[in-house]
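> Now for the letters of each chain:
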Amino acid sequence: MQKKISKIPFKGTAEQEEKLKAVIAECKGDKSKLMHVMQQAQGIYGYLPYEVQVMIAEGMDVPLEKVYGVSTFYAQFSLSPKGAYNISVCLGTACYVKGSQKILDKVCEELGVQPGECSSDGMFSVEACRCIGACGLAPVFTVNDEVYGKVTPEEIPGILAKYRNG
Amino acid sequence: MSNVNVKVNGIEVSVPAGSTVLQAARAAGVEIPTLCYLKEINEIGACRICVAEVKGARSLVASCVYPVNEGMEISTNTPKVIESRKTTLELLLSNHKKECLSCVRSGNCELQKLCTDYGIEDAHKYSGAMTHYAIDRSASHMYRDNEKCILCRRCVAACSNVQAVSVIGANDRGFDTHISSAFEKPLAETSCVSCGQCIVACPTGALSERDDTAKVFEALNDPTKHVVVQTAPSIRVALGEEFGCEMGSIVTGKMVAALRRLGFDKVFDTNFSADLTIMEEANEFIQRYTKKENLPIITSCSPGWIKYCEYYFPEMIPNLSTCKSPQGMFGSVAKTYYAQKMGIDPKDIYVVAIMPCTAKKFEAERLDHTAVKGLADIDAVLTTRELARMIKKEGILFNLLPDDTFDAPFGLGSGAGTIFGATGGVMEAALRTAYETLTKENLDDLHIDFNDVRGTEGVKEATYNIAGNEIHVAVASGLANAEKVLKMVKNGEKHYDFIEIMACPGGCVNGGGQPIQPASVRNNVDIRAVRAAALYRDDKSLPVRKSHENPDIKQIYAEYLEKPGSHIAHEILHTGYIARKKY
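So the protein lines, in turn, are chains A and B.
Counting along the first sequence from 1, when you hit position 127 you're at 136 in my numbering, and nothing is skipped either side.
Counting along the second sequence from 1, when you hit position 7 you're at 315 in my numbering, and nothing is skipped either side.
Some hints here could point you the wrong way.
[Stated by the list, open to error] Derived DSBU-like pairs: lysine-lysine, alpha-carbon spacing no greater than 35 Å straight-line: (1) A/K42 with B/K533; (2) B/K405 with A/K28; (3) B/K792 with A/K75; (4) A/K91 with B/K802; (5) A/K42 with B/K802; (6) A/K37 with B/K421; (7) A/K107 with A/K159; (8) B/K889 with A/K75; (9) B/K862 with A/K75; (10) B/K406 with A/K37; (11) B/K493 with A/K28; (12) B/K405 with A/K16; (13) A/K13 with B/K406; (14) A/K75 with B/K405; (15) B/K405 with B/K802; (16) A/K13 with B/K890; (17) A/K37 with B/K889; (18) B/K802 with A/K30; (19) B/K795 with A/K30.
[Stated by the list, open to error] One-sided and incomplete, this derived list gives chain A residues near chain B with beta-carbon spacing under 8 Å: (20) I14; (21) I17; (22) E74; (23) G78; (24) N174.
Hint data in this document are derived by calculation from the structure and do not stem from the laboratory.
All values derive from a computational prediction rather than experimental measurement.
Don't be surprised by glycine CBs; every beta carbon is placed ideally from N, CA and C.
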C-alpha cells in the first residue's frame, strides 16, 4: 500500500531540531549513513514529515527525492505522526480468521482515517500490525500499552469514547 | 586490455575482457533486445528483456550487465529465452494502460515494438489488479502518465546521473512502486529544470512534452493574427529523422517549405537572433573582462541551465550573461522593430518558436522582462517533435518538398549562429566576434575554427591569447558536468573568464524536444556527434560565418538597435534572473 502522507501541520520544537542537527553533524560527509540518520530522526520526531526530510536532505547533501524514496520503501518509516493514543490492530493469522479486519475497518470508520494515518486532532493514530503473541485473545488490538481481546466491532465506539473523554 | 574468446549462438568472437554479454553479442552481429538499458546512463539489469542463456549458469542472465569470461557459450534465441521475454512482456502489459491507438508514442514505442517482434497475441493474458494514477500535467513543459510507465528507471537515471537534478525517483515498493517526486508533489512544485532529458529517455508514452500544436493551429486559422515562426539552429539537422531521413541530414530548405505550407505568414531563422545574441554577449564579455567584473561570465542561452542555476547555484546568478536567449531576442525584435517596420500592432503578431527544447516552453512563460510591456515575447513554443506532428497532420509530403528560403528581415544567419546547436558552439561563435573586436584583425578561413571547444566531451577547456590577453574558457554540457565545473570555480580550483553551459549533453542537438531515438539506436550511435557534425558542415557551407558580418544584423543595428549594449538593446534584449528555493 502507498504510504500515507499526513496533512497535520508540523509541530517540531527547537529542542528536536537541535537533536537532529547533532545527529546530522556526526554523519555529514558519509552518505551511507542516510538510513541511520533517518532512523534517529524518526526516533526524535516519531515520524518523517516533509520538514524533517528537507533538513536531512540538506544536511546530508542528498536530494530530497532520495530521502523520500527510502522513507516510502521501508515499512519502519512513517510519514504520519503517532496520535496521543496509538491504536494497533493485529492482522496476524489467528486474529484475522477471528475477524480482526472488521475491527480495523470499524476503528478507521469511527475516526475517519486510513490505516497508517493520524486523526486531524492528533488524538488517535491507527495502524495494522502482525501477530503480537496474544492469539488466545483473538481478535486483539492495543491502545498504547493497553490490550483489548475478544472484541467485537460493536464495542469499538465505547472503547474509543473512554479515551476521548478521559 | 586482454581479450576473451566467447561463442554467441555458435559464432566465435573475441571481445575485450570486461565486456558484457550484450556487447559480445553485438560484436558477433547478434542483437539482443533491451528495455531498461541505456548505454552509460542506466545499466541496472532490471527489466529482464535482454535475458540470454549462458552454458553452465543456474538461470537466465541479464545480458546488459553480465560480464563475459573466457570460453563462455551464450545463446540468445533459444525457446527458453524467447518464452521468458514473452512472459516479461505479457506481465508488463498486465499493468499497462493499453491505449496505443491514441498514444503520443504509437509507432515509436519500444514496448510496442517488442510486443510486435515477439508476437504477443493476447495483451490481456494476465488480467488482475491495475495501479491507478492521475496524470501530472502541472509543469509547463511536460506531463507524466504513470499508467504507461514500465518502471525501467531510464528517466530517473537521466534526471539524477546526467543532470544532477534528481527530482524524480521510484517511490513506495512492490506493486505500488511508481515514479514521482518527493511527497508526491506535482512536478511544477519541484526544482525540475524542464530539460526534458527524461522524455527522450522514456521508452513508452509515460513521459511527453506538453503538446501546444492545437494552440498554434488556432492562431494560424485566425485571420486577425500575423503569425511568424522562428526555427532554432538544431532543428534543421534533426527534423529529417521524423520523416525517415538519415540521421545528420540537413533539411533547412524542406523545413522552411513545410512551415510556409502550414500557413505561417513569415518564416524566420533563429540563427539570426543567435547572431544578435553573440553581438550582445561578446560585447558584454569584453566589458566585464576589461573591468574584471562578474567573471567568469556564463552563457544564458540554455533555459534548462538557467533554471538549474537559479535553483542549485543562485550565488552564481551575477555571473550569468544578462542576454536573453536567441529565442527571447527574436520575440523581442519581432514585437518591436519588425512590428514598426511592417506597421503591425504588436498585439496582432503571434510569434511561434520551433525549438529542440522543452525548457523553452518554460522560458516563454517568463514575463518579467518582455520587450513590450504586457505582451509575451514568444506566444507558443513547439518542439521538433510537435512540428513533425503538425506537418504529418496537414498531409505535407516532407520528403518531396522543394527547398525554400527564409524571409527577410530575419532570414539570414551566419555559420556562427548555426553552431549554437552544438556544445561549444556559442563559445566558438562568441570567440570569432570577440577576437576580431579585440584585435581588429580578420580571422581567415584557416583560423576561424576553434577546435578545442568542439566535440561531445562533457567538459572542455581552452586558453586563447587574444590581443595579448590570456582568455581561459570552459564548455560544459549536461548539468552534472556543469555542476563539476561550477564547484571547481567556487572553490578556486579553476579560473575561467568565460564559460558556456548547455543543459543537455551535447547541447541542443540532443535537446529534450528533439526526435526520440530508441535505445536500440542510442546504444550504438552517438546521436550528439552525428547531429553536431551536420551543424559544422552547415557552418562551413555558409557564405557568412561570423555574427558581426551578418548583413541582417548590421541592418538592425543601423536602423534600430544603434550598437551592442546600447540603451535600447538593454531595454529589449537583456533580462534578469531570480534565486529559487529548491525545497
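> Look at each hint and say if it fits the structure.
Hints, verified against the model:
1. A/K42 with B/K533: violated (60 Å)
2. B/K405 with A/K28: This hinted pair is violated, its Cα atoms lying about 47 Å apart.
3. B/K792 with A/K75: holds (20 Å)
4. A/K91 with B/K802: Not satisfied, since the Cα-Cα distance of roughly 50 Å exceeds 35 Å.
5. A/K42 with B/K802: holds (31 Å)
6. A/K37 with B/K421: violated (47 Å)
7. A/K107 with A/K159: The given pair, whose Cα atoms are some 9 Å apart, holds under the 35 Å limit.
8. B/K889 with A/K75: holds (18 Å)
9. B/K862 with A/K75: Measuring from Cα to Cα gives roughly 52 Å; hence the hint is violated.
10. B/K406 with A/K37: violated (46 Å)
11. B/K493 with A/K28: Holds - the C-alpha atoms of A/K28 and B/K493 are around 28 Å apart, at most 35 Å.
12. B/K405 with A/K16: holds (30 Å)
13. A/K13 with B/K406: holds (28 Å)
14. A/K75 with B/K405: Satisfied, since the Cα-Cα distance of roughly 27 Å is no more than 35 Å.
15. B/K405 with B/K802: violated (50 Å)
16. A/K13 with B/K890: holds (23 Å)
17. A/K37 with B/K889: Between A/K37 and B/K889 the Cα gap is close to 22 Å, so the pair holds against 35 Å.
18. B/K802 with A/K30: Within the cut-off at roughly 32 Å; holds.
19. B/K795 with A/K30: holds (25 Å)
20. I14: holds (6 Å)
21. I17: Since the shortest Cβ distance to chain B is 14 Å, the answer is violated.
22. E74: Holds - the Cβ of A/E74 comes within 8 Å of chain B, reaching about 4 Å at its closest.
23. G78: holds (5 Å)
24. N174: Because about 35 Å separates A/N174 from the closest Cβ in chain B, which is outside the 8 Å limit, the hint is violated.
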